[in-house]
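Enquirer: Please model the entire structure based on the sequences and the hints provided.
Each chain is listed here by its residues.
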Amino acid sequence: MRPLEPIGQQARVLLGILFFVLFFSAWGVATLGGFVSPTFLADPITMVKDGIYLLTEQGFMTDIGMTVWRVLGGFVLAMIVAVPLGIAMGAYKPIEALLEPFVSFARYLPASAFIPLLILWAGIGEMQKLLVIFIGAVFQIILMVAVAVSSTRRDLVEAAYTLGATDRGVVRRVLMPANAPDIAEILRLVLGWAWTYVIVAELIGASSGIGYMIINSQALMATGQIIFGIIVIGLIGLISDFAFKSLNRKLFAWRLA
Amino acid sequence: MSELIIKGVSRTFPGVHGGQPVQALQPTDLTIEKNDFVTILGPSGCGKSTLLRIIAGLDRPTTGTVTLEGKEIKGPGADRGMVFQSYTLFPWLTIRENVAFGLRERGVPAKEMWEIVDSYIDKVGLRGFQNHWPKQLSGGMQQRTAIARALANDPKIMLLDEPFGALDNQTRGLMQELLLGIWEREHKTVIFVTHDIEEAVFMASRVVTMTARPGRIKSITPVDLPHPRHYTIKASPEFSALRLKLTEEIRSEAIVAAGHG
Chain A
1 MRPLEPIGQQ ARVLLGILFF VLFFSAWGVA TLGGFVSPTF LADPITMVKD GIYLLTEQGF
61 MTDIGMTVWR VLGGFVLAMI VAVPLGIAMG AYKPIEALLE PFVSFARYLP ASAFIPLLIL
121 WAGIGEMQKL LVIFIGAVFQ IILMVAVAVS STRRDLVEAA YTLGATDRGV VRRVLMPANA
181 PDIAEILRLV LGWAWTYVIV AELIGASSGI GYMIINSQAL MATGQIIFGI IVIGLIGLIS
241 DFAFKSLNRK LFAWRLA
Chain B
258 MSELIIKGVS RTFPGVHGGQ PVQALQPTDL TIEKNDFVTI LGPSGCGKST LLRIIAGLDR
318 PTTGTVTLEG KEIKGPGADR GMVFQSYTLF PWLTIRENVA FGLRERGVPA KEMWEIVDSY
378 IDKVGLRGFQ NHWPKQLSGG MQQRTAIARA LANDPKIMLL DEPFGALDNQ TRGLMQELLL
438 GIWEREHKTV IFVTHDIEEA VFMASRVVTM TARPGRIKSI TPVDLPHPRH YTIKASPEFS
498 ALRLKLTEEI RSEAIVAAGH G
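So the sequences go chain by chain: A and B. The first sequence begins at 1 in this note's numbering and counts up one residue at a time. The second sequence begins at 258 in this note's numbering and counts up one residue at a time.
Derived from the structure by calculation, the hints contain no laboratory data. Hints may contain errors.
Calculated lysine-lysine pairs in the DSS-like style (CA-CA distance at most 25 Å, straight line) [stated by the list, open to error]:
#: 1; chain 1: B; residue 1: K328; chain 2: B; residue 2: K368
#: 2; chain 1: B; residue 1: K264; chain 2: B; residue 2: K291
#: 3; chain 1: A; residue 1: K250; chain 2: B; residue 2: K392
#: 4; chain 1: A; residue 1: K245; chain 2: B; residue 2: K392
#: 5; chain 1: B; residue 1: K331; chain 2: B; residue 2: K445
#: 6; chain 1: A; residue 1: K93; chain 2: B; residue 2: K291
#: 7; chain 1: B; residue 1: K291; chain 2: B; residue 2: K475
#: 8; chain 1: B; residue 1: K328; chain 2: B; residue 2: K445
#: 9; chain 1: B; residue 1: K331; chain 2: B; residue 2: K392
A few chain A residues that don't get close to chain B, going by computed Cβ distances all over 12 Å [unchecked claim]:
#: 10; residue: R2
#: 11; residue: T46
#: 12; residue: Q58
#: 13; residue: E100
#: 14; residue: G125
#: 15; residue: E126
#: 16; residue: S151
#: 17; residue: L163
#: 18; residue: S217
#: 19; residue: M221
Here a beta-carbon is modelled for each residue, glycine too, at the ideal position from N, C-alpha and C.
Expert: As structure tokens, then:
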């Protein structure tokens, strides 16, 4: 193997699938072969059976729907607040000086540690779940967008000014389009993190959702259901990632030209 | 009528990390007439780009003023079109949209705007590439687009900062002819910064040479070669004489500049 040498599309897909096959085989051998006790780890067949049971008998689709809505709801709220703020911070240095230290501090506050407080403030309803996602995502997005916008090529900004652009014109017609692909990429990344917050939010004080199902299954020692829940999260993540990536490719074709 | 008046303009950059302030440009006076084609020639670091950036309004002079048609320059504006050495096309816009950038900012009606845009795309020979993205074009084509983008705004003066510096020799020669052809037809006021002596002589009606840092104007040489100029003029005795004279002048400055490291 040569460093950085590209490989063909077909080989890439096959190798990607191969690792999934290896992973599930190893799991199958460990559990079905009797090397690991079923109390600790269910085998793949039990997992699939549990999954079918959850979907058909337990209304698990509703749980999935609830979780997806919470992630998207909290994430969209964070996006609406954070993207304009991030752009403003990147573009205008006094705003950056005002907010950057606080946002850098707030970014390290763990969203999950807010759950007890949020229950106190917002109860155990949907608002509390959305707020967990919101807190977890908003500061990250602000900071990353601000960094992206500040690092816009200076010569492009200067070129716009010599073409008669106003200050607002530079923000709207240079800083924003120049960084749109980076901002989309930041959102894709943070959406992935939002998934980990939602499950934590659902482990405490929830009555629906994938996280709720997982904590319920723990009481029943149903490891097959837990694993099924985890795999469902992984699959949704994979699908949303794929959707995001192909949308970005469509929207920002100039980058790949 | 004199168009651009540079009066006592100097630029001193503050010292970095507590170091000494650096004077890039000594107080400079220069008057540029309407429709003049002036090239500013000097070794690297002589402050020629600094002077151009001050005229563009992208940098502020430490002392002195620059006035364009009697109005003092306070910042960048559409009346001074600039072409940079680096490729500064907006990568998210097609060639056509890039050329339209300034017109759109001014709110020119769509029909008129696209007519102007297409005429300048024709003038720089990029018809057929209107809908390409900058990345898909060669360096020479990108700089041609940048020239069209600046011209489409109909500026009073064109400022070019070593626009062909990154191009190979053959392309560079063709670009010089293209720009000169446009100037001969449209009669714009042009200030062109370069460190290439042949380039400076070929295009200019006056060549301004500058000393090593801190820069000041060393000499102003009129170039009385007839227009339209063909590239073969570079082999003429008059051209060679001018080139030799300027080579002598710049050489001593380059030695000083190289000594400073």
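Enquirer: Which of the numbered hints are not met once you compare them with the structure shown?
Expert: Per hint list: 1, 6, 9, 17 violated.
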